[in-house]
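One-letter residues, chain by chain:
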Amino acid sequence: MKCELCKLELEAYREGNLPGGIMKQVEEHLKNCKDCNEINNLEIISNRVIDQEKETQSNPFLATRVMAEIELLESNHYVPAFKKILKPAIIMVSLTAAILFGIIAGSIYQPIVSSDEIPVEMVYMDDASLESVELLATN
Amino acid sequence: MGFLHQKDDADDLTQEIFIQAFQSLGSFKGNSSFSTWIYRIAINASLNKVRQTSRRNLFQRLDGLFNPEKKNADLLSGIVTDNPENILINEEHRLWVQNALNDLPENQRIAIVLSKYDDLSQKEIAEIINTTEGAVESLIQRAKSNLREKLSSSSIKNKKNTVGKK
Numbered sequence: 059m060k061c062e063l064c065k066l067e068l069e070a071y072r073e074g075n076l077p078g079g080i081m082k083q084v085e086e087h088l089k090n091c092k093d094c095n096e097i098n099n100l101e102i103i104s105n106r107v108i109d110q111e112k113e114t115q116s117n118p119f120l121a122t123r124v125m126a127e128i129e130l131l132e133s134n135h136y137v138p139a140f141k142k143i144l145k146p147a148i149i150m151v152s153l154t155a156a157i158l159f160g161i162i163a164g165s166i167y168q169p170i171v172s173s174d175e176i177p178v179e180m181v182y183m184d185d186a187s188l189e190s191v192e193l194l195a196t197n
Numbered sequence: 034m035g036f037l038h039q040k041d042d043a044d045d046l047t048q049e050i051f052i053q054a055f056q057s058l059g060s061f062k063g064n065s066s067f068s069t070w071i072y073r074i075a076i077n078a079s080l081n082k083v084r085q086t087s088r089r090n091l092f093q094r095l096d097g098l099f100n101p102e103k104k105n106a107d108l109l110s111g112i113v114t115d116n117p118e119n120i121l122i123n124e125e126h127r128l129w130v131q132n133a134l135n136d137l138p139e140n141q142r143i144a145i146v147l148s149k150y151d152d153l154s155q156k157e158i159a160e161i162i163n164t165t166e167g168a169v170e171s172l173i174q175r176a177k178s179n180l181r182e183k184l185s186s187s188s189i190k191n192k193k194n195t196v197g198k199k
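Quick mapping for you: the protein sequence lines, in order, are chains B and R. The opening residue of the first sequence carries number 59 in this note's numbering; numbering runs sequentially from there. The opening residue of the second sequence carries number 34 in this note's numbering; numbering runs sequentially from there.
This is chain B alone, in the form it adopts within the complex (with noise of 0.2 Å):
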C-alpha cells in the first residue's frame, strides 16, 4: 500500500470502517512505514484533544446572565409605543380640552347687573340712612 493511500485511510481504519482486505493492508502499512504510523498518533491526539475540548460544558449560570442582559437592554432602550407618543398624546390633549373648557366656560357667565336703586322689600334693610357716619361722630 502506498503512503497516500494510507493516509486517506487512516480515519476510517481508526473508527473500523474498513472492509478487512483494506484493514489488513493498512495495518502492514503502519508497521512498517514511521511517517505514516506518525500521522496516525498526531492524528489519534488531535482527536482527543478535539474531544476534550467538546466535552467542556459551558457556565451553569449561562441562560439566566443572557436573560438578564436582554432584560437590561429592553428596560433601557426598548420604549413602547403607548409612552412613547401615546402618554404625551394624551397629556396635551387634555391639557387643550382644559384651556378651552375654561375659556369657553368664561365666556358663558353674565354677571348680575346691579341697579343703584334698592327694591322697596328691601329699604328697611338697609338702615345705612338712617344712621349717617356725621351722627355717629357727634354722639
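Zero decoy hints are in this set.
Beta-carbon label-pair distances, calculated as ranges:
# : chain 1 : residue 1 : chain 2 : residue 2 : range
1 : R       : GLN39     : B       : ILE149    : 47 to 55 Å
2 : B       : GLN115    : R       : PRO138    : 24 to 32 Å
3 : R       : ASP41     : B       : ILE149    : 43 to 51 Å
4 : R       : LYS62     : B       : GLY164    : 53 to 61 Å
5 : R       : SER154    : B       : ALA121    : 24 to 32 Å
6 : B       : ARG72     : R       : THR69     : 28 to 36 Å
No lab work stands behind these hints, which were simulated from the structure alone. Since the model is a prediction, treat every value here as computed from it, not as a measurement. A virtual CB, placed ideally from N, CA and C, is assigned to each residue, including glycine.
Chain B is already provided as a structure; the job is to place chain R on it using the hints.
Same frame as chain B, now just chain R:
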C-alpha cells in the same frame, strides 16, 4: 470552543451571540432554518472575536515572558489530578492542535470546526456557509490535510528542540 479554545471566552461569546440574535430577530426572514441562522451569527461573531484575540495574544505572550508564574498557574488550572509530566504533555498537544487549527484559512477552519466540534453533516454545513456539499467535502479534506502537515511540522520542531536541549 472550536474557534476560541478558552471556556470563559466561549461563554462570553455565547452570551454576545444570543443577545445579538435577540436584537436581530426582526431580520430573520425564515428562508433558512432558525438553527442555520443562529449558526451564521455565531460564526461571524466567532471570527470577529478570533481576530480581536489574535491581537490581544501578542500582549499576553509578552506578559507571559515577564510573568512565568502566571503561565504555570494557567497550565495547572485544567488538570490537577494528573502527574506533572502528563499535564505538560497534554498542554503541549493542546497547543499544537489549537495553533494548527488557528493557522487554517477561515473557510477551512469553519468547515472543520462545524464538522468535528458540532458533528454537523456536510449538508448542514453547506447550508450554513451557503455553498454546495461538494465544496464542503473538499474544504474538510483540505483542512485535514493542512492540519496533518501543521501537526507534523510542530512535532518535528518540538523533537529538534528537545534534542537541542539534551
